[in-house]
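**Student:** Letter by letter, the chains look like this.
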Amino acid sequence: MSWVERFAARHDRWASALMCVLMVGVFGHQFVTSQGNVLSPWKGGGFGMYTQPHGIEERAAFLVIDGNPLRLAPADPEFLAWVERGDPASAAYVKRMMAEADRMRSFPRAAQAERLMAAGSRLVWDKALFGTWTDVGPVPVDQMSVTVIEVVRRPSTGTIETRVVFSHAGG
Amino acid sequence: MFGRLVPFAGPMTLFFKTRQIEVATALYGAIVFAYVGSGTYTSIWLGLAVPFLGLAAVATQSRSVRFWAVLGLAAIMAGLVAANYYISVNHGFMLIWVGLGLALACACDPGRDEVVLRRNAMLLISLLMFLALIQKLRSAYYIEGDLLGGYIMQGGIFYNLLGWALPDWPGLVAEYRGVVAGLLEQPEAASVAVMVPAAVVALAWRMTMTSLVAQAVLEVMILFRARLGMVLHLAILGFVALVYATRNENLFLSVNCWLGYAMTDEKSAAIRPWYVVAIIYLLTTTHVGLRPWAIS
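First to last, the sequence lines map onto chains A and B. Taking my numbering, the leading residue of the first sequence gets 1, the next gets one more, and so forth. Taking my numbering, the leading residue of the second sequence gets 1, the next gets one more, and so forth.
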C-alpha cells in the first residue's frame, strides 16, 4: 500500500478537506480572473455557467487586417471556403490560426493576439476577400489588430447588444 | 419498488441498492467515458484508456487497484481539463473532484468506504450548489432574466410549446436569430432593437426566480439531510428534472445524479436504482441526441 493510500485511509477527514480546498482554490482563481468579463464566467471551473452570455457560442474573434475585419472564430463561411480552395499546407496553416482564435473566445489574452497577428503577417492576402482592399500581399503586424466581441441579449429591454470584451493592436 | 415495476430487473436492482461503492465506480466510469466520447476538447488517446481503467476499477476485488484505477480516471479528466483549461466545460472540472472524492473513499476499509463516499459527495454537492448560487446572485444579467429570456428568444427553451402559445413564434425566433448572426459579423459595439413578446419576458423572469429558489432550497435541504432522508433525494431528482426540462445539459445532470446516489445511506437505499436509471437515461439520450418534443 502506497503512502497516498495510507494517508487517504487513515486521515480520511483531512483527505476530504484537501479535496474541498482544491475545488475552492480553482473556484477562487476563476472568480478573481473572471472579474471584468474578459475570462468568461462560464469557463475556468468557477461554477459561473448560466450567469453571463456563453463564453464561446456568444463570442466572436476577429483579425482586423488594415482596417478590414476577418472573423476567424466562428470562421466566416466565405473565408473558410477561400481557405479550403488553397493548397492543403496553407489551409492547415490558416486552420491553426482559426483554432488559436477559437481558444481566444473564452479568455482572450495579449500573447495569443500577438501570435495570431504574427501568423497573419506571414500570409499573402487575396484582395477578393475584402471589397475595400486596396493592396495585395503581406500585411505588417502594426497594421493588424485582434478583437473579441460578445453578444448580450436583453429581452427585458427589447434589444440585442454587442460589446467588445478584448482588443489588442499590433506593433 | 423499481424491482416490482420491472420484474426482470430484480437482481440488477439488488446490485444497485447493496453495492454502493462498486455501482458508484461503474457510474463514474460511464460518465467519464461519455465525456471523452463527446468529442469536444478531448483526446482520443486518453479516451481509449477510460474503458480499461473503468473495467479494472469495477471488476477488481483489490482496494488498491480500485483506488489507482479511479484516480487514473480522475487524472485523465485532469489532463484533458488542464490542456483546455479556459475552454473546458464546468462539469469537466467537476468530474475531477468527483473522481477524487470516489478514489479517497475507495482507499478506506470496507464499511468506512461508504461513509467517506457519502461525506465526500455531500461536500461536493454542497459546494457545487453554493458556489453556483454565489455566481448567479452576483450577476445582474442573470437576475434580470435576460440570460434565460435570450435562450427562449433563440428558440433554445420550450420552442415547440411556445409555438402553440404565441402567434408567429417560428417567425419571431428566425428574425431574432438573424439579428444575432448579423451582430456577430462586425467587431464593434452595437445595439439593435428586437421584438420580444411580453410573455417571454415574464416567463424568463419566473424561470430565473424558480431556479434561484430551487438551488437555495436544495442547499438548505442538504444541511438538514439527516432529518429529510428520502425527501432530499426526491428534491435532487426534482432539480435534475427541472434543469433537464429547460436545457440540454445531460452530462452535468448525470454528475448531479451521481452525487445524489453517492449520498444515499441505508435508509434511502430504495432511491438508488432510480438514480442509476436517471444516469443511464441521461447518458443514452445525450449520445443518440434524443430530447422529448415537449421540452425541445
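Among the hints, a few may not be true.
[Unchecked claim] Not the full set, but computed from the structure, chain A residues with beta-carbon under 7 Å of chain B:
#1 E5
#2 M23
#3 T51
#4 R154
#5 G158
[What the hints assert, rightly or not] Chain A is nowhere near these chain B residues, computed Cβ spacing over 12 Å in every case:
#6 A34
#7 G79
#8 F93
#9 P187
[To be verified] Pairs of lysine to aspartate or glutamate residues, derived as DMTMM-like cross-links and limited to a Cα-Cα distance of at most 25 Å, are as follows:
#10 K95(A) <-> D66(A)
#11 K95(A) <-> E114(A)
#12 K17(B) <-> E188(B)
#13 K95(A) <-> E185(B)
#14 K95(A) <-> E22(B)
#15 K95(A) <-> E84(A)
Keep in mind that the hints were calculated from the coordinates and are not lab data. These figures come from a predicted structure and were not determined experimentally. Each residue gets a CB set at the ideal place from its N, CA and C atoms; glycine is no exception.
**Student:** Can you list which hints this structure breaks, lowest number first?
**Tutor:** 8, 9, 12, 14
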